[in-house]
Amino acid sequence: MIKTFFLHGLESSGKGTKGQFFASNYPKIKCPDFTGNLDNRLQQLESMSKGYRELQFVGSSFGGLMAVCFALNCPQKVKKLILLAPALNFGGFTPPARKILVPTYVVIGKNDNVTPVDPVIQLAEATFSDLTVEIVNDDHMLHKTFEKLAWDKLIGG
Numbered sequence: 433m434i435k436t437f438f439l440h441g442l443e444s445s446g447k448g449t450k451g452q453f454f455a456s457n458y459p460k461i462k463c464p465d466f467t468g469n470l471d472n473r474l475q476q477l478e479s480m481s482k483g484y485r486e487l488q489f490v491g492s493s494f495g496g497l498m499a500v501c502f503a504l505n506c507p508q509k510v511k512k513l514i515l516l517a518p519a520l521n522f523g524g525f526t527p528p529a530r531k532i533l534v535p536t537y538v539v540i541g542k543n544d545n546v547t548p549v550d551p552v553i554q555l556a557e558a559t560f561s562d563l564t565v566e567i568v569n570d571d572h573m574l575h576k577t578f579e580k581l582a583w584d585k586l587i588g589g
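If you're matching positions, the sequence shown starts at 433 in my numbering and goes up one per residue.
Worth double-checking, as some hints may not be accurate.
[What the hints assert, rightly or not] Straight-line Cα separation of at most 16 Å, EDC-like style, residue types lysine to aspartate or glutamate; simulated pairs:
| id | residue 1 | residue 2 |
| --- | --- | --- |
| 1 | LYS460 | ASP584 |
| 2 | LYS542 | GLU566 |
| 3 | LYS542 | ASP570 |
| 4 | LYS509 | GLU478 |
| 5 | LYS580 | ASP570 |
| 6 | LYS511 | ASP562 |
| 7 | LYS435 | GLU486 |
| 8 | LYS462 | GLU486 |
| 9 | LYS576 | ASP544 |
| 10 | LYS511 | ASP550 |
| 11 | LYS576 | GLU566 |
| 12 | LYS460 | GLU443 |
| 13 | LYS531 | ASP562 |
| 14 | LYS509 | GLU486 |
The hints are simulated quantities; they were obtained by calculation from the structure and are not laboratory data.
With the sequences and hints as input, model every part of the structure.
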């Protein structure tokens, strides 16, 4: 059985707006809090995900970057990524030499000034061979769009 984790953004928590949505509508999704830099957060995620053989991540902003980094390190464990305005333009992220096969769905707002559409999509296209991108009329927070996404279909709800 696939275990789903919600990975929040840098200045948020698992109890933020998106975490509360998942807690109310999809209580089986784990919405932990992460602290520290990217390496610290990845170590925390590695520890939390031990014992699960199949994972999927919903990653928001910096949490999207976390999800991608985890998938690059453990592509055999990650079955799907749902990335919400992923911060692939942050911290010197570079795509792998060979694209990974993890099915990945990216939602990004055309008015996002934190993770701009063009550079983020270019990095995603260079990283994933099975990529679906949805550009929506929203900003970085995706407040107008987030709850309207087809979550049952996306996470197998």
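Hint-by-hint comparison with the structure:
no.: 1; hint: LYS460 <-> ASP584; verdict: holds, 13 Å
no.: 2; hint: LYS542 <-> GLU566; verdict: holds, 10 Å
no.: 3; hint: LYS542 <-> ASP570; verdict: holds, 6 Å
no.: 4; hint: LYS509 <-> GLU478; verdict: holds, 11 Å
no.: 5; hint: LYS580 <-> ASP570; verdict: holds, 12 Å
no.: 6; hint: LYS511 <-> ASP562; verdict: holds, 11 Å
no.: 7; hint: LYS435 <-> GLU486; verdict: holds, 6 Å
no.: 8; hint: LYS462 <-> GLU486; verdict: holds, 14 Å
no.: 9; hint: LYS576 <-> ASP544; verdict: holds, 13 Å
no.: 10; hint: LYS511 <-> ASP550; verdict: violated, 26 Å
no.: 11; hint: LYS576 <-> GLU566; verdict: holds, 14 Å
no.: 12; hint: LYS460 <-> GLU443; verdict: violated, 24 Å
no.: 13; hint: LYS531 <-> ASP562; verdict: holds, 9 Å
no.: 14; hint: LYS509 <-> GLU486; verdict: holds, 5 Å
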